[in-house]
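Residue-level listing of the chains:
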Amino acid sequence: GESVGLHLPTLSVQEGDNSIINCAYSNSASDYFIWYKQESGKGPQFIIDIRSNMDKRQGQRVTVLLNKTVKHLSLQIAATQPGDSAVYFCAELRADGLTFGKGTHLIIQP
Amino acid sequence: NAGVTQTPKFRVLKTGQSMTLLCAQDMNHEYMYWYRQDPGMGLRLIHYSVGEGTTAKGEVPDGYNVSRLKKQNFLLGLESAAPSQTSVYFCASSYMGTSPLHFGNGTRLTVT
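Protein sequence lines correspond, in order, to chains A and D.
Letter by letter, the first sequence follows residues 2 to 111 of this note's numbering.
Letter by letter, the second sequence follows residues 2 to 113 of this note's numbering.
Treat the hints as calculated values from the structure; they're not laboratory data.
Hints may be right or wrong, so weigh each one.
[Stated by the list, open to error] In the DSS-like style, the derived pairs of lysine-lysine whose C-alpha atoms are separated by at most 27 angstroms in a straight line are:
#	chain 1	residue 1	chain 2	residue 2
1	D	10	A	43
2	A	43	D	71
3	D	71	A	103
4	A	57	A	72
5	A	43	A	69
6	A	103	A	72
7	D	10	D	71
8	A	43	A	103
9	D	58	D	10
10	D	58	D	72
11	A	43	D	72
12	D	58	D	15
13	D	58	D	71
14	A	57	A	103
15	D	58	A	43
16	A	69	A	57
17	A	103	D	58
18	A	43	D	15
19	D	72	D	10
Could you build all of it, start to finish, from the sequences and the hints given here?
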């Protein structure tokens with residue numbers, strides 16, 4: 002079936018390095034994607050979104066890239082900080098709400 | 002501006018008991034959702050509502066009922082709790098169906 006998924010359950014990076022979190026989706030008709038950050042004990046928090054008419058969108062220290070040819074989405078975090086430690090979910094917006102991937106746990110090493 | 006507020010934060014039920022989870026949003030959003038989050042499963046949609054007085058089934062609706070009597074509130078009911086319903090439940094709201102969702106901080110439910 003159609004799904005949204007992340008490639009790796011855990012990603013460990015050094016503080017100060019850039020982080021890249023990947024996501025693959027299978028519904029070629031999807032036209033809106035969102036990245037969420039979830040810290041321990043809290044609900045998912047919106048980070049950045051992108052529509053299918055764009056390839057790239059930048060926010061504060063974050064960039065989302067969309068490759069529609071291979072149905073791939075990535076979240077880049079520049080100069081990773083301890084506060085970036087969380088689980089990151091990509092999500093595909095459908096008519097009945099968001100469909101989430103299983104998440105990638107970003108671990109920051111000092 | 003509190004955003005999305007869920008009550009209670011924690012609850013323990015025995016098999017067969019019933020309870021209602023409350024969700025309130027103060028952003029005047031039309032859409033509201035209930036998700037459950039289980040380890041290794043991500044978030045799965047239980048039920049949602051596209052406006053006051055409306056409800057619809059999501060991916061995993063069995064064993065749950067919902068009501069949206071007021072625009073700002075979305076209630077999730079468990080009529081006869083089962084251990085399989087042990088999970089963390091998240092409520093969310095959005096301005097419209099193509100807008101980002103705003104989540105509450107969850108209710109951790111344990112059914113023994």
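Now for the hints, and whether the structure bears them out:
no.	hint	in the structure
1	D:10 with A:43	holds, 11 angstroms
2	A:43 with D:71	holds, 25 angstroms
3	D:71 with A:103	violated, 32 angstroms
4	A:57 with A:72	holds, 14 angstroms
5	A:43 with A:69	violated, 31 angstroms
6	A:103 with A:72	holds, 17 angstroms
7	D:10 with D:71	holds, 22 angstroms
8	A:43 with A:103	holds, 16 angstroms
9	D:58 with D:10	holds, 24 angstroms
10	D:58 with D:72	holds, 18 angstroms
11	A:43 with D:72	holds, 24 angstroms
12	D:58 with D:15	holds, 25 angstroms
13	D:58 with D:71	holds, 18 angstroms
14	A:57 with A:103	holds, 23 angstroms
15	D:58 with A:43	holds, 25 angstroms
16	A:69 with A:57	holds, 11 angstroms
17	A:103 with D:58	holds, 21 angstroms
18	A:43 with D:15	holds, 25 angstroms
19	D:72 with D:10	holds, 22 angstroms
Checked against the numbered hints given earlier, this structure breaks hints 3, 5; the rest are met.
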